[in-house]
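Everything in the sequence shown is counted per our numbering, starting at 255 for the first residue and increasing by one.
These are calculated hints, taken from the structure and not from any lab test.
Watch out, some of these pointers could steer you wrong.
What the hints assert, rightly or not - Cross-link-like lysine-lysine pairs, in silico, DSS-like; alpha carbons within 30 Å at most:
hint: 1; residue 1: K512; residue 2: K376
hint: 2; residue 1: K569; residue 2: K512
hint: 3; residue 1: K669; residue 2: K596
hint: 4; residue 1: K678; residue 2: K635
hint: 5; residue 1: K569; residue 2: K1046
hint: 6; residue 1: K294; residue 2: K321
hint: 7; residue 1: K321; residue 2: K376
hint: 8; residue 1: K596; residue 2: K569
hint: 9; residue 1: K757; residue 2: K990
hint: 10; residue 1: K564; residue 2: K669
hint: 11; residue 1: K635; residue 2: K667
hint: 12; residue 1: K667; residue 2: K564
hint: 13; residue 1: K1155; residue 2: K396
hint: 14; residue 1: K669; residue 2: K569
hint: 15; residue 1: K329; residue 2: K294
hint: 16; residue 1: K569; residue 2: K924
hint: 17; residue 1: K635; residue 2: K596
Unchecked claim - DEER-style ranges, computed between Cβ atoms:
hint: 18; residue 1: A601; residue 2: E784; range: 52 to 62 Å
hint: 19; residue 1: K924; residue 2: E1030; range: 31 to 41 Å
hint: 20; residue 1: E663; residue 2: E1030; range: 49 to 59 Å
Please read all numbers here as calculations on a predicted model, not as lab measurements.
All C-beta atoms in this analysis are idealised placements derived from N, C-alpha and C, irrespective of residue type, glycine included.
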Amino acid sequence: MITKIPYKTDPAHDVLRSQSDLLQAIFSPNNVAVIGATEKANSVGRTLLWNLISHPFGGTVFPVNPKRSSVLGIKAYPDVASVPAQVDLAVIATPAPTVPEVIRQCVAAGVRGAIILSAGFKEVGEAGVELERQILDAARGKMRIVGPNCLGVMSPLSGLNATFAGSMARPGSVGFISQSGALCTSILDWSFQANVGFSSFVSLGSMLDVGWGDLIYYLGDDPRTESIVIYMESIGDARSFLSAAREVALSKPIIVIKAGRTEAAAKAAASHTGALAGSDEVLDAAFRRSGVLRVYHLAHLFYMAELLAKQPRPKGPRLTILTNAGGPGVLTTDTLISEGGKLAELAPETLERLDEILPPQWSHGNPIDILGDADPDRYAKALQVAVQDPNSDGLIVVLTPQAMTSPTETAEKLKACPMEGRNKKPIFASWMGGADVEAGARILNQANIPAFPYPDTAVRMFNYMWRYSRNLRSLYETPMLLEDEEGESSGRDRPSAYAIIQKVREAGRTLLTEFESKQLLASYGIPIVETRIAQTLEEAMAAAADLGYPVVLKLLSETITHKTDVGGVQLNLNDAEAVAKAYQRIRDRVSELHSPEDFQGVTVQPMLNLDGYELIIGSSLDPQFGPVLLFGTGGQLVEVFRDRALGLPPLNTTLARRLMENTKIYTALKGIRGRDPIDLAALEQLLVRFSYLVVEQPWIKEIEVNPLLASPERLISLDARVVLHPADTDVAELPKPAIRPYPSQYVGRWTVRDGREVTIRPIRPEDEPMAVKFHESLSDESVYLRYAHAFKLSRRVTHERLSRLCFIDYDQEMALIADYRNPETGQHELVGVARLSLIHGTRDAEYSLLVSDRFQHQGLGTEMTRRSIEIARAEGFDLVFAEILSDNRAMQRISEHLGFKIERILGESMVRAEMRLTDEES
255 MITKIPYKTD PAHDVLRSQS DLLQAIFSPN NVAVIGATEK ANSVGRTLLW
305 NLISHPFGGT VFPVNPKRSS VLGIKAYPDV ASVPAQVDLA VIATPAPTVP
355 EVIRQCVAAG VRGAIILSAG FKEVGEAGVE LERQILDAAR GKMRIVGPNC
405 LGVMSPLSGL NATFAGSMAR PGSVGFISQS GALCTSILDW SFQANVGFSS
455 FVSLGSMLDV GWGDLIYYLG DDPRTESIVI YMESIGDARS FLSAAREVAL
505 SKPIIVIKAG RTEAAAKAAA SHTGALAGSD EVLDAAFRRS GVLRVYHLAH
555 LFYMAELLAK QPRPKGPRLT ILTNAGGPGV LTTDTLISEG GKLAELAPET
605 LERLDEILPP QWSHGNPIDI LGDADPDRYA KALQVAVQDP NSDGLIVVLT
655 PQAMTSPTET AEKLKACPME GRNKKPIFAS WMGGADVEAG ARILNQANIP
705 AFPYPDTAVR MFNYMWRYSR NLRSLYETPM LLEDEEGESS GRDRPSAYAI
755 IQKVREAGRT LLTEFESKQL LASYGIPIVE TRIAQTLEEA MAAAADLGYP
805 VVLKLLSETI THKTDVGGVQ LNLNDAEAVA KAYQRIRDRV SELHSPEDFQ
855 GVTVQPMLNL DGYELIIGSS LDPQFGPVLL FGTGGQLVEV FRDRALGLPP
905 LNTTLARRLM ENTKIYTALK GIRGRDPIDL AALEQLLVRF SYLVVEQPWI
955 KEIEVNPLLA SPERLISLDA RVVLHPADTD VAELPKPAIR PYPSQYVGRW
1005 TVRDGREVTI RPIRPEDEPM AVKFHESLSD ESVYLRYAHA FKLSRRVTHE
1055 RLSRLCFIDY DQEMALIADY RNPETGQHEL VGVARLSLIH GTRDAEYSLL
1105 VSDRFQHQGL GTEMTRRSIE IARAEGFDLV FAEILSDNRA MQRISEHLGF
1155 KIERILGESM VRAEMRLTDE ES
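Work the whole structure out from these sequences, hints included.
See the structure below:
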């Protein structure tokens, strides 16, 4: 019962999956129609036509202009329908009001791609928005559109220049995408001087149709593109961008510079979390989560594209500095430390070897100052030793031109220097000076040792690189299961949480009381302090006596957001008299600052020992990314210290740890100055549960726990507040997380023929250890039928491969596993995997199935296939297909039984099983 995907399309080996990409009509057309071609001097239509005909791309250009019989000596046609050949790409340079009708004509003529250069759309207001709507209606999903309001598209490797730029980009390996046409022309001019070449050069404009995700997938699939460089002004479809970036980033570096880092004014927020979560910081969190490298200077975009293609990636932030002058060494160290890097502590054996080859006056530490009279041989010998230091993740060689220095000879020596470990860590150079060092710098660059004029620039490149490496590792580190996880629930009581929220909504409120907020946290296994409601003084005194003194009284209000602002928190109440006075103070203060109706009583809680750290965890909404998580230093001065990190839900334990590591308080949480560390694993799991609460209860608009008291003995929520969306919000309009959460709706139990019960559910990153044992259990026959060749176990179970198969994007792929709990061992075992993989740019999915030998012939393969088809329908897929070995009769019978059409693949010992889920015309 095993389907087969050819080896080349196994998602772990060809991560991007081969496909018939719909963007080919735009990047590799055979015939191009220039609609709006003209001979008017300095016009877009003339420049565009000239660029196309003066740079041969292997196709034919057809000018379209109803008022001319020819343009630039080439026969013109009145409309695209009159063109005597099938047009693949239409480049449109006509006034905005005419474009919808032009698109209709193109669709009718079978044109598959369009580039709209024209301006005058949504940037001019409602009239332009309506024109864009008409264009999308006209396209009807039959063509892909770049633009409008863009410079166009270049494919320098093929010669296509469908732009109105003044020159053609050099061919190369960088895929460049920009929202700004003006910036494109500036980058183009700069690239000639810097000798940077491009595989694609794209101006996106308003992104009416083709967006970031489409182009990242396209360039990710393009074998001629080694890195993707992006100038971004707005994110657009955040979920599409993150899905594409996360998949492609593991194969090719994606480097982004984002304009608009500052906000003129922050919108008012009802919570500290809302006030702390700035949109640019959210974007940083999104880039980290998807493995994208963000830089802050235009020059750094292309520096990093080159470095990541030529240099090994550092494993950490520790840098060794080798210099012939103390001053540059100190300045380099300052830049390194101030931007988050670390100075490597030289190993004892490194110090001993340097003592043997350097003068006694050398610095005896890092930076390694080999003194101003250092000749080329001293540089080479010192570098040979330093590069092997086990405590270092990278190395920078700094040279200042002094009387005894030969920059050119030193560069030649370094170029020829045999260095053990050279391919394990990056090496940078800074040849400081002007004309005297140019030749040496050129030699180093040609030897793939990047040379910069200033050492602080080199250090910034190193800092970019180690952060990039860390983010990539974080993508697929195997997280730990939650302690109480027995399937999909993780100890979460979703029905109780839903009931609490519904009760508040039915009462016409959007603000939960503190008591309700804490009950909501408790339903997700987040520890809370015991809390009693007291609506009268007598009830407050009775609750205090029952809990035991000292106690805390807090305002109970359905309308007041921050209790401390109205004196609504009274601490250390040691007897009944203190309770009575505190109750009266809270009631009087609320009446004075608000009204008596805003006082619904108090909550009574035990006064806990506050020895520990006050933390804050929260979530608020970002207009582009939906719910955003916040973690950091809490308490009343949270907005003063502003020590916090942002992340996108949902989290797993690995991502939760990375979130904590991005704060200053994390150092203290690990234990400092004799204090014991807190239980970081427990805090990770608390953050994971909190992230589940945020994504599984979409009516939550803002939620905040402040303070969350963290001590070596416990984690406990002392205060909480929750704000809901207004009652009149349409359910369909509730913000969705940018990263799709675990699809728990597809979890269900099933009993195989011999009575064993399994849970069929979507795969999780935490399943990787089970996947290893699953592959260890497979017979050679099962492996062959699945992969169509003898696929070694050692290759099947590598972390890199299995992590990609387990840590999937549920928007792009759906993998069901059969989870069997062995009654003899009590351990969970993976006994079957069914996978649906979307083909980029389509709603077609390739299907594969692999069942453990001891669970074959039990109906499990049929049931997993049936459920996969149900999921494909629910997800709106158009087509499901699988390629099956001809000898695999069992899987062919399953496919026929479930309604697949079976056809033999000519020339191969394969059959294709196909099921169409929607009408082809729909």
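Here is how each hint holds up against the structure:
Proposed proximity of K512 and K376 is supported: the alpha carbons are some 21 Å apart, at most 30 Å. Proximity of K569 to K512 is assessed by CA-CA distance (about 26 Å); at most 30 Å being required, the pair is judged to hold. Note on K669 and K596: the hinted pairing holds, with a Cα-Cα distance of about 26 Å set against a maximum of 30 Å. Straight-line distance between C-alpha atoms of K678 and K635 comes to about 18 Å, which keeps the hinted pair within the 30 Å bound.
Between the alpha carbons of K569 and K1046 the distance comes to roughly 28 Å, so the proposed pair stays at or under 30 Å and holds. Restraint check for K294 and K321: the C-alpha separation of about 13 Å stays at or below 30 Å, so the hint holds. The straight-line distance between the Cα atoms of K321 and K376 is roughly 29 Å, inside the 30 Å bound, and the hint therefore holds. Only pairs whose Cα atoms come within 30 Å are accepted, and K596 paired with K569 is accepted, the gap being roughly 12 Å.
For a cut-off of 30 Å, the pair hint linking K757 to K990 stands: about 22 Å separates their Cα positions. A C-alpha spacing of about 15 Å is found between K564 and K669, which places the hinted pair at or below 30 Å, so the restraint holds. For the proposed pair K635 and K667, the alpha carbon gap of about 10 Å is at most 30 Å, so the pair holds. Annotation: proposed proximity of K667 to K564 holds, straight-line Cα distance about 20 Å (limit 30 Å).
The hinted pair formed by K1155 and K396 meets the criterion: a straight-line CA distance of about 26 Å does not exceed 30 Å. This hinted pair checks out: K669 and K569 have alpha carbons roughly 23 Å apart, not beyond 30 Å. For the hint pairing K329 with K294, the CA-to-CA distance comes to about 16 Å; that is within 30 Å, so the pair holds. Restraint check: the Cα-Cα separation between K569 and K924 comes to about 22 Å, which is no more than 30 Å; the hinted pair holds.
Under the criterion of a C-alpha separation no larger than 30 Å, the hint pairing K635 with K596 is consistent with the structure, at around 24 Å. Distance hint check: the CB atoms of A601 and E784 are about 53 Å apart, consistent with the given range 52 to 62 Å. Evaluation of the 31 to 41 Å hint for K924 and E1030 yields a pass: the beta carbon distance comes to about 36 Å. A beta carbon spacing of about 57 Å between E663 and E1030 agrees with the range 49 to 59 Å that was offered as a hint.
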